[in-house]
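Sequence lines, in order, name chains A and B. Under full-length UniProt numbering, the first residue of the first sequence carries the number 1, and numbering increases by one thereafter. Under full-length UniProt numbering, the first residue of the second sequence carries the number 1, and numbering increases by one thereafter.
For the record, the hints were derived by calculation from the structure and aren't laboratory data. Accuracy of the hints is not assured; some may be wrong.
Claimed, not checked - Stretch-level coverage of chain A by chain B, calculated; a stretch enters the list once three of its residues show a Cβ under 8 Å from a Cβ in chain B: (1) 84-90; (2) 240-252; (3) 255-268; (4) 339-348.
Unchecked claim - Simulated restraints, written as ranges between beta carbons of each label pair: (5) B/W507 to A/E45: 55 to 65 Å; (6) B/L215 to A/T243: 48 to 58 Å; (7) A/Y89 to B/V66: 37 to 47 Å; (8) A/P517 to B/E380: 48 to 58 Å; (9) A/Y89 to B/T211: 37 to 47 Å; (10) B/E380 to A/L44: 55 to 65 Å; (11) B/Y221 to A/S71: 28 to 38 Å; (12) A/A228 to B/F224: 35 to 45 Å; (13) B/V66 to A/Q148: 51 to 61 Å; (14) B/G141 to A/Y239: 20 to 30 Å; (15) A/T243 to B/G444: 21 to 31 Å; (16) A/K333 to B/L44: 57 to 67 Å.
Idealized CB from N, CA, C, for every residue including glycine.
Number of protein chains: 2
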Amino acid sequence: MAFSETFPLQITLPTSSFLDIGTVVAITVFVSLLCACIVIGHLLEENRWANESITALLLGLVSGVVVLLFSKGQSSRILVFNEDLFFIYLLPPIIFNAGFQVKKKQFFENFSVILLHGIFGTIISFCLISLGAMFLFRRIGVTALKLQDYLAIGAILSATDSVCTLQVLNQEETPFLYSVVFGEGVVNDATSIVLFNAVQSIDFRNIDVITALNLLWTFLYLFFTSTALGIAVGLLSAYGIKTLYFGRHSTDREVAIVLLLAYLSYMIAELLNLSGILTVFFCGIVMSHYTWHNVTASSRITTKHAFATISFIAETFIFLYVGMDALDIDKWKGSHASVGTSIAVSSTLLALVLIGRAAFVFPIANIYNCTVKREGDKIEVRKQFIIWWAGLMRGAVTIALSYNQFTETGGSSSTEHSLMITSTIIVVLFSTVVFGSITKPLIGAVMLRHPKLPSSDETDFTSLEDLQLSFIDKGGPSNNSSNHPITRRSSLSMLIKYPTSTVHYFWRKFDDKFMRPVFGGRVFVPLATSSPTSPRDGTS
Amino acid sequence: MAFSETFPLQITLPTSSFLDIGTVVAITVFVSLLCACIVIGHLLEENRWANESITALLLGLVSGVVVLLFSKGQSSRILVFNEDLFFIYLLPPIIFNAGFQVKKKQFFENFSVILLHGIFGTIISFCLISLGAMFLFRRIGVTALKLQDYLAIGAILSATDSVCTLQVLNQEETPFLYSVVFGEGVVNDATSIVLFNAVQSIDFRNIDVITALNLLWTFLYLFFTSTALGIAVGLLSAYGIKTLYFGRHSTDREVAIVLLLAYLSYMIAELLNLSGILTVFFCGIVMSHYTWHNVTASSRITTKHAFATISFIAETFIFLYVGMDALDIDKWKGSHASVGTSIAVSSTLLALVLIGRAAFVFPIANIYNCTVKREGDKIEVRKQFIIWWAGLMRGAVTIALSYNQFTETGGSSSTEHSLMITSTIIVVLFSTVVFGSITKPLIGAVMLRHPKLPSSDETDFTSLEDLQLSFIDKGGPSNNSSNHPITRRSSLSMLIKYPTSTVHYFWRKFDDKFMRPVFGGRVFVPLATSSPTSPRDGTS
Numbered sequence: 001m002a003f004s005e006t007f008p009l010q011i012t013l014p015t016s017s018f019l020d021i022g023t024v025v026a027i028t029v030f031v032s033l034l035c036a037c038i039v040i041g042h043l044l045e046e047n048r049w050a051n052e053s054i055t056a057l058l059l060g061l062v063s064g065v066v067v068l069l070f071s072k073g074q075s076s077r078i079l080v081f082n083e084d085l086f087f088i089y090l091l092p093p094i095i096f097n098a099g100f101q102v103k104k105k106q107f108f109e110n111f112s113v114i115l116l117h118g119i120f121g122t123i124i125s126f127c128l129i130s131l132g133a134m135f136l137f138r139r140i141g142v143t144a145l146k147l148q149d150y151l152a153i154g155a156i157l158s159a160t161d162s163v164c165t166l167q168v169l170n171q172e173e174t175p176f177l178y179s180v181v182f183g184e185g186v187v188n189d190a191t192s193i194v195l196f197n198a199v200q201s202i203d204f205r206n207i208d209v210i211t212a213l214n215l216l217w218t219f220l221y222l223f224f225t226s227t228a229l230g231i232a233v234g235l236l237s238a239y240g241i242k243t244l245y246f247g248r249h250s251t252d253r254e255v256a257i258v259l260l261l262a263y264l265s266y267m268i269a270e271l272l273n274l275s276g277i278l279t280v281f282f283c284g285i286v287m288s289h290y291t292w293h294n295v296t297a298s299s300r301i302t303t304k305h306a307f308a309t310i311s312f313i314a315e316t317f318i319f320l321y322v323g324m325d326a327l328d329i330d331k332w333k334g335s336h337a338s339v340g341t342s343i344a345v346s347s348t349l350l351a352l353v354l355i356g357r358a359a360f361v362f363p364i365a366n367i368y369n370c371t372v373k374r375e376g377d378k379i380e381v382r383k384q385f386i387i388w389w390a391g392l393m394r395g396a397v398t399i400a401l402s403y404n405q406f407t408e409t410g411g412s413s414s415t416e417h418s419l420m421i422t423s424t425i426i427v428v429l430f431s432t433v434v435f436g437s438i439t440k441p442l443i444g445a446v447m448l449r450h451p452k453l454p455s456s457d458e459t460d461f462t463s464l465e466d467l468q469l470s471f472i473d474k475g476g477p478s479n480n481s482s483n484h485p486i487t488r489r490s491s492l493s494m495l496i497k498y499p500t501s502t503v504h505y506f507w508r509k510f511d512d513k514f515m516r517p518v519f520g521g522r523v524f525v526p527l528a529t530s531s532p533t534s535p536r537d538g539t540s
Numbered sequence: 001m002a003f004s005e006t007f008p009l010q011i012t013l014p015t016s017s018f019l020d021i022g023t024v025v026a027i028t029v030f031v032s033l034l035c036a037c038i039v040i041g042h043l044l045e046e047n048r049w050a051n052e053s054i055t056a057l058l059l060g061l062v063s064g065v066v067v068l069l070f071s072k073g074q075s076s077r078i079l080v081f082n083e084d085l086f087f088i089y090l091l092p093p094i095i096f097n098a099g100f101q102v103k104k105k106q107f108f109e110n111f112s113v114i115l116l117h118g119i120f121g122t123i124i125s126f127c128l129i130s131l132g133a134m135f136l137f138r139r140i141g142v143t144a145l146k147l148q149d150y151l152a153i154g155a156i157l158s159a160t161d162s163v164c165t166l167q168v169l170n171q172e173e174t175p176f177l178y179s180v181v182f183g184e185g186v187v188n189d190a191t192s193i194v195l196f197n198a199v200q201s202i203d204f205r206n207i208d209v210i211t212a213l214n215l216l217w218t219f220l221y222l223f224f225t226s227t228a229l230g231i232a233v234g235l236l237s238a239y240g241i242k243t244l245y246f247g248r249h250s251t252d253r254e255v256a257i258v259l260l261l262a263y264l265s266y267m268i269a270e271l272l273n274l275s276g277i278l279t280v281f282f283c284g285i286v287m288s289h290y291t292w293h294n295v296t297a298s299s300r301i302t303t304k305h306a307f308a309t310i311s312f313i314a315e316t317f318i319f320l321y322v323g324m325d326a327l328d329i330d331k332w333k334g335s336h337a338s339v340g341t342s343i344a345v346s347s348t349l350l351a352l353v354l355i356g357r358a359a360f361v362f363p364i365a366n367i368y369n370c371t372v373k374r375e376g377d378k379i380e381v382r383k384q385f386i387i388w389w390a391g392l393m394r395g396a397v398t399i400a401l402s403y404n405q406f407t408e409t410g411g412s413s414s415t416e417h418s419l420m421i422t423s424t425i426i427v428v429l430f431s432t433v434v435f436g437s438i439t440k441p442l443i444g445a446v447m448l449r450h451p452k453l454p455s456s457d458e459t460d461f462t463s464l465e466d467l468q469l470s471f472i473d474k475g476g477p478s479n480n481s482s483n484h485p486i487t488r489r490s491s492l493s494m495l496i497k498y499p500t501s502t503v504h505y506f507w508r509k510f511d512d513k514f515m516r517p518v519f520g521g522r523v524f525v526p527l528a529t530s531s532p533t534s535p536r537d538g539t540s
């Protein structure tokens, strides 16, 4: 019942204001910087090297320097990174909006690739980074870390930054890459957090097969229950709004209830110790598929843009925050490490991140290619390269986990732990600024050499209806030349031949027959002309 | 630099979640209750006794009881009312939205009445309640309060609850009453907070004429600088958005910058020790007049509904919060007062609120009526009655100020001070629930007896353009029969005859010639078809 602790009473100064001057200054600075980020980001729109994340990060760094100079290197309290702020207020809207705006068809078509990368990839990366750190750190001279610390480092650095990816890849231009890299990012967040929690809670003196199985069971349990919860809340919102029809009286109430239920799904998941990220992501997907079609036209435009705006502000805020926090003088003082050691540790970690990601992206893609028969569905080498590269950025999740592991109550005490925190910050800054700024031109260059996108990127139906039409026209989910009507036998052979598309087709039939009549959706609400994922209103 | 104190680190439990379980529980409870409020409020929409404020307040009370029972009367930490939360996060969006959605013409036409009520009325009410409490409390047996406490009580109970008014009166049905009562509420908030600050900071051992003049000067300074700041930020946003045209690339950035600048105006005002409420209110007015017309069509719909939604959630949250907080067991224990004393003090305060408001509403209205020549412009007795009644509700500002005055650091210590807090809570609960639920039927009854609204409520031009047209058609701001063209001489005589409308006319000319070409607005953006105050998109 610590609500008061989250928003503590702060009335100290006998000024005209009731508010604590420090809070007011901090908020004013942050809001001003956010405005500056938006304006600068807008002016740099055409620039191929910069993006909003990098702008915010650099602006945060500059502000950090200014604050340090103003306080003469003493006070750095405006800079303190806070995990609660991040996990309660900033992450949920970003992930929800990602689910709300994601191209559902692309996402589910590539679901197997996404799961392979997000789960097995993260585990491979986790093992490699942990082992690598364990062996290489001793050579540098870092010896005080325990087994648990090394495993935690593996989990911490396996968490990719899906936020930065969203800004670098374009859903319209490269839908396949976007859905794979971003989808992987969401699953990866969940996986690495589960791994991290496992590392923190497992007793390392008694490791056996049962512990490992237990871990696997925990992960599967978390994955499925979190997803189910998200879907349940989404369906509840769709059914409730369809039945009660709030929009009859007030658009604002309709928007409010959608917003609150989305947030509630995250909080309930956290309350049940599930993965709030997965829950809110699937809640977003279900809400965009059903709920969004049940509200009035104004609510549709409002929710679409309001969620995107909140998510955009939260993203920018995080980068600003990380940038400002990077200069927290106490942490740098606490590490007592020479510049050489710092650089050695950071470069080792960076190298491990690069290798750890390469170690799963290329093998998984090639294994996947072996299972796929059609040439166009295969993941080419240059796409593999982009998938590898676009997932190298590390962001706020990494920093939050690092603080959680290496900060003892009341500030980091051990020298080695402080060194780990500063090294994580260096990795995050370097990967975001350097890798991030190279990514856009890199993708441009790779795509320019092969200006025509491969076929799996071209078969981007604008809606599931188009898919169904092409299905009926061609008698199959893809452009094979068979013209037979769909019978039970042919659909069975289709399921074997084109499993994803066939599952899609049957899902669509089920959706039309059972789900939409109950939960609403495109067909049952004649007003709906577009979906939140389509950019057709010409403004997004 | 106390950002970390506002969002303190709270990682204690080794669960799958990084978040403090108390915070998660509190947020989940509040979000669930907010959803319940919206659903119940929606179902009770047709009910004439209930409204969302009352629903939220009662639901908050019930939840408070449940929490008390669960914690066996021990823990009541989920209930603690926090001024920072209120003044930083909840009040600004409510007041901004009020300015953004207020009918500007009505507001400025009744500006003199609003200022009279908001400034002089509040001062009269303040004096009466202070004096009344000073004399009557001694008879009840409450003697330990100092002069400063009595004056604080006057300021605390002079702050009307503009939020509840917004829900009870209807801008479309009774525009005159709405603009007067609501406009008064905004000015009243500012006045009572200024009075309260003055009471807290003045040294009462040396009161003389200079102190009084100083107080007046402070008030005027605050009023004008706060207003000017709000207008400046609003114009800056209009000019910036018109020049940079964020919507070219992204609706979301446009919405984000409008949102952030609005909030920034409040925070800058607080930073400069001005009245953030006045600033953000005028910022909202300017933004709806200029900025809103410079953004894309999607942004226009999104801002209109998103601001209303945020405001709606904040309002509901406040009532929920006040309801839950009312049962905070520590305060009731601390007062040590008998039920009789509690009731006596509360009824005294309630009576003083009733008398204090009557003492300025009726005299001011009658003085105003003497200065007005046209019969239709006069404020009739039944309207005076409604103005008096609609301003009797006391709300979150009252509670926040009461806590500020009567809570010593670490909980209220003195018995008399605790009694004041509990009595304030009783006044707030009683006035909101009882007065609030009677208001709707009361207004209905008063209006039913005189089903036709008086003329000053009928001349509700939907836009300033209509006003100008009627001006040009009729040669004057109202339906007099003169048909002369507007010349310098006749406009001078008009200024004397119909000062408000004439000022309006010249403002409109100035606006068209100098302001709109620079800052944008309806005329200069052909896409704009309605204004945020008009309900024409059929959904609000």
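Do the hints match the structure? See the list:
no.	hint	in the structure
1	84-90	holds (count 4)
2	240-252	holds (count 8)
3	255-268	holds (count 10)
4	339-348	violated (count 0)
5	B/W507 to A/E45: 55 to 65 Å	violated, 37 Å
6	B/L215 to A/T243: 48 to 58 Å	holds, 56 Å
7	A/Y89 to B/V66: 37 to 47 Å	violated, 26 Å
8	A/P517 to B/E380: 48 to 58 Å	holds, 55 Å
9	A/Y89 to B/T211: 37 to 47 Å	holds, 44 Å
10	B/E380 to A/L44: 55 to 65 Å	holds, 60 Å
11	B/Y221 to A/S71: 28 to 38 Å	holds, 31 Å
12	A/A228 to B/F224: 35 to 45 Å	violated, 58 Å
13	B/V66 to A/Q148: 51 to 61 Å	violated, 41 Å
14	B/G141 to A/Y239: 20 to 30 Å	violated, 58 Å
15	A/T243 to B/G444: 21 to 31 Å	holds, 29 Å
16	A/K333 to B/L44: 57 to 67 Å	holds, 59 Å
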